[in-house]
Amino acid sequence: MTAPMSLTLFCLAAVVLLPLLASALSVLLGTAARRVMGVITSVTVLGLVTPILIQVTSGQTLELALGGFESPLGITLRADGLSALFLAMTAIVGAVVSCYAAARPAATGKRLVPAAEQRRRSHPADAGIGAEATAHREARSVVHADPSPVWRAGHAGFWPLWLGCWSGLNAVFVSGDLFNTYVGLELVGLTAVALVALGGRDAWPAALRYLFIAVLGSLLFLIGVALIYSVTGTLDIIASGEVIAELAASHDADLAAVVLALCLISLGLALKVALVPLHRWLIPAHSSAPSAVSPLLSALVIKAALFVLLRVWLWVAGPLPELVILAWVLAGMGAVAILVGSVMALRQSRLKPLIAYSTVAQAGYWFLLLPLLLDPETTALEGQTGTTLEDGAVLAGALGGTVALALGHGLAKASLFLAAGHLKDLYGTDEIDELRGAGRAHPMLVMSMGLSAVGLIGLPLSLGFTGKWLLATSAVAAGHYWILVVLVAGTLFSAAYLLKAVAPLLVMSEDDQTALTLPQAQTHPDDRALTGKAQLAPFVLGLLTVLTGFLGAWLTGVLEVGAPW
Amino acid sequence: MVTWLEQIPAELLPAIPVVMVLLSLTAAVAIFPLPENSVKLRAGINLTAAVAKVLLIIALVPAVVADGARPEFSAPFLPGIDLVLRVDPLALFFAGLSALLWLLTTIYALGYLRGSKNKSRFFGFFSLCVTATVGISFSGNLITFLVFYELLTVVTYPLVAHWGTPASLRAARIYLRYALGGGLAVLIGVVWLTMYVGPVDFADGGAEGVSELVRANPVPALLIFVLLVGGLGVKAALFPLHGWLPLAMVAPAPVSALLHAVAVVKAGVFGIVRVLHDVFGVEAAAELGVLTPLLILAAFTILYGSYQALRQQEIKKRLAYSTISQVSYVVLGVAMVNVLATSGGIVHLVHQGLMKVTLFFCAGLFAEVIRAHTVSQLRGAGRRMPLTSAAFTVGAFGMIGLPPTAGFISKWQLGTGALASEHPWVLWVLVGSSLLNAAYFLPVVYALWFVDADEVAPETLVSGDADSADPLRVKEPKSLLAPALITAGLTLFVGIAASLAFAPLQIARFIAEGVLG
Amino acid sequence: MMLAQWALSMGAVELTQMQWYLLVGTAIAVIGLVRMLLTRDLLARLIALNVTGIGSLMIILALAARTAESGDATGGTEAAGSGIDPVLSALVITGLVITVAFTGLGAVLIRRIEGAQDAERAHTLDDVHDPERSGDAGDRE
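Chains as they are written, first to last, in our numbering: chain A, 20 to 584; chain B, 198 to 714; chain C, 4 to 144.
Bound-form chain A, shown alone:
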């Protein structure tokens, strides 16, 4: 093993262990130290992911048996193109959001403190005064009842939870076997539920509902994994895929167990991704979470489940003809999700629920590829003159498109949620009507919302466009024209609801003075972070949404590394 290779393998283990370690350590630290630690960890993880990405891009799948044990009981870490891309997106979004949370501790949630302490520290310099209006209202209303505690913005519990969540995400992405995938998913789910609960009293019921869903999804996944193991005798993703392929090749084999396993796994993961009609939990959870948490949930947490879904469908199950019904059902649910999510998004009057519904709609796109996987023949254009398709192009295009859509959604949605949360903290409301004209006071925020809208609609240049392009071309190649219809409808819908969200903030009448009578930032002048550098975070992500549009060719190249075809 060459030196740089071992270094990269070290990175592979470190991306999982470092955040976990930091999470554990941060419990022991004070509030300010946690912030420093969080930022340092996030930057380090970003640094650790880089060599992995470079190594994988050069065409090498990384594999590391942790602790020397071999499978099945040992822990195998494996990074191929899919892993590397998701790792990179998580690292970027995670680092930016960490910086944002460090710069604006008030965005990390709110907590109850005894009233006495509140009075003693009534005007701290940097602590989050920019609390949400609800917090203020509550604070005002309880202040006369002396012994009862008061809500204060900022929750230091954010850091251990988020770092733990990050560790879980990375574990899912580099896991080489289904068992570790399960553990990673659980870590993500547990911490994500707790992160939602940081949003204070309003968020607790949402968090609890999320918890039920997360556990249920995991249990279904677990049974599915056990079924796959009982058929293949291994939990290793690649090895089990090989066994299933062998079984499928021998005609007399009974694949009912595999089909059942796929059904359970897909159902469990669909719960976690919030695929319509299993989406209802997502809206309260994502919209009531603190400003720094919503972007993580929407951009990263549901991506973990999506990642596992892609892994299982492409690497473990392979194109079994028995799965065709399931594939169509899921794709149909995806198409319905785009419709339902969009319509519901259009009916929202508040920014954060609208964005949450947009997540539901966008999640639909990621399931459209499943029927393509089972029918990857370029039948429609076969024998045509000048057709430029090669074998495997449909699979590569469908996967590339889906991954591009998911990654682009991660960047764009993180930016959108950050900006929306920031506005909500600033004005104490996220009613779109009341935020009319906010763009004049906060051009950067509204600009970043515009950039992420470009990404979510899928206009060029953006990863969203790349994704839609790849998905559409492979759909046409395979003769699945319905995908084209769905993509077109989805694009129009997303344009409609994002226009509804962003346009009133951007454009307002010059003689319209309502913006000046808004609950302005002046009500919380102490929180300088609200108008300062923290605004850069959504802008950076919005800019990346657009700039990554150039990476289409590179992305499909990276996905070829360790691809199952």
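If you are wondering where the hints come from, they were derived from the structure by calculation, not from laboratory data.
No experiment lies behind these values; they were computed from the predicted model shown.
One or more of the hints may lead you astray.
Unchecked claim - Estimated spans, in silico, between C-beta atoms of each pair:
| no. | chain 1 | residue 1 | chain 2 | residue 2 | range |
| --- | --- | --- | --- | --- | --- |
| 1 | C | 104 | A | 450 | 31 to 39 Å |
| 2 | B | 689 | A | 450 | 53 to 61 Å |
| 3 | B | 694 | A | 368 | 54 to 62 Å |
| 4 | A | 85 | B | 226 | 41 to 49 Å |
| 5 | A | 368 | B | 643 | 49 to 57 Å |
| 6 | B | 400 | A | 84 | 30 to 38 Å |
| 7 | B | 412 | A | 394 | 50 to 58 Å |
| 8 | A | 584 | C | 99 | 50 to 58 Å |
Even glycine gets a Cβ: it sits at the ideal position worked out from N, Cα and C.
Given chain A, put chains B and C in place with the hints provided.
Only chains B and C this time, still in chain A's reference frame:
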């Protein structure tokens, strides 16, 4: 002057298209964060970028037109597809138009928006809009074209909605609806075509593989053509996809100029020319049998737009319908496959731009200075604002097609081309349209000059200059007047000097000959 | 139920001990699930979730036994012959640990939610002229 320009080293040429795209992009990025009150800096950035762009275009002309160079830049974008920027004569033609008019419109807009709010936002998007237009003109394949085409859609939205009034928000929303729908149609067409023939590189006589496709699979080819031209027809305001354009006249006058003359409508019609000439190729298009329907559609749009214009009392609305009519001359020209008509159509890209921008500049001046929005309010304006009125008259005469304006050259080319083609009836369309043009422009001109100023309603008597000899005489702001006069002058100049080397007509003929052999 | 049918179709017509476990596990899981979906009481829901969890883990244990029985046929080499497959047992143990963790978190959340509701109720009694807050509380119940 041309000597130093000819010395551009050949290895620098491919960088120029990129530099030009980045130039206005950089301007936009620099302008957005500027505070409202840094007027000088903003103007400085705008004008520097605009002037630099015009100079770069001038520098490219000799190399591209005379030496036949095709500076090209490409970067990987999607698997198997590159982003390609390439300068060919048609690209240069369109880019030259937009660069020149951008400069003038910027000067005009600086004056027009003086004292209003949200200027950084306005000029930022303005620059982005021009970025998109330059990108569209230099696109070397359909994907690149699509990228910039969609960018144009997005960045013009805040411009149309600039005033933020309910009417402008509604207009902007409808514009976006039309444009995104059209963009999607183009996207589907591009996806489909790409599946058959790979990256659709623009090439004289049609992209690689398209003519085989037309021969082997005429039905999909036809559908693709309809999708592409239909999608582009939205921006080009072809009937029945023109609905957004008259509504969009609520935008500020410089934006109207941009929509009608510089960027949006032109991008649509430029795209149609590209699809016809460089994607399908005229031969394949003729084989598909799409040219005659396209010709009929264009002819109908010309007459319909003129007829509607006649019915409008509001000046800007009248101009908007006139645009619908005039832009279709371009389509009309390229759909009649001969050098005369095609060069007439292509040269009309520039000619219509010059004339229409003049008219919108003047309409803005009338609206700003004497609050005249309808034709009847213009009565006697010739005495109050003689220079503006003169410029308007030149533009109007151009639209009608009277010599020696640019419009005459276009119509002459189109008319002779029609006689030489297999559709001589088109000549009657031209005659009819000219009559209609005259019917809706001459009353305006008449009202300007020959109706007594006594009939001027008292409420329109604003800012009369007491010191001047004529108490009714009003002084127009120089930064608004100068661009209008320049474009009016150019309208006359390109009409009179149409036979000079590098005059628009000559370049258009060069392009037409290149396409038709 | 599908699972049970599948188990039936897999081989023996009369149920082996393992298949019984499979059936019972499925039944428990389904009962828990139904209860969880039907009840509105938060604590009951949490308990029902746990019941579902236990049922699921029982299914896996049954599968473990089955894999161990037919280990040679399917390739679970290390486990062949011995009573219970170690990998699946590890899966069950992890599942148990995680379920406990989730239950703890859920219990904390429920306590907080109900605590907040109680406080509100008390507060509304004290302070009737704050209709907005009592409305909130009403919504949540």
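Going through the hints against the structure:
1. 104(C) to 450(A): 31 to 39 Å: 37 Å, holds
2. 689(B) to 450(A): 53 to 61 Å: At 56 Å between Cβs, range holds.
3. 694(B) to 368(A): 54 to 62 Å: For residue 694(B) and residue 368(A) the Cβ distance comes to about 60 Å; the hint holds.
4. 85(A) to 226(B): 41 to 49 Å: 46 Å, holds
5. 368(A) to 643(B): 49 to 57 Å: Once the Cβ atoms are compared, 53 Å apart, the range 49 to 57 Å for residue 643(B) and residue 368(A) holds.
6. 400(B) to 84(A): 30 to 38 Å: The hint (30 to 38 Å, Cβ to Cβ) is violated, given that residue 400(B) and residue 84(A) are roughly 54 Å apart.
7. 412(B) to 394(A): 50 to 58 Å: Violated, at about 29 Å.
8. 584(A) to 99(C): 50 to 58 Å: Violated, since residue 584(A) and residue 99(C) (Cβ atoms, about 38 Å apart) do not stay within the stated range.
Hint violations for this structure: numbers 6, 7, 8, all remaining hints satisfied.
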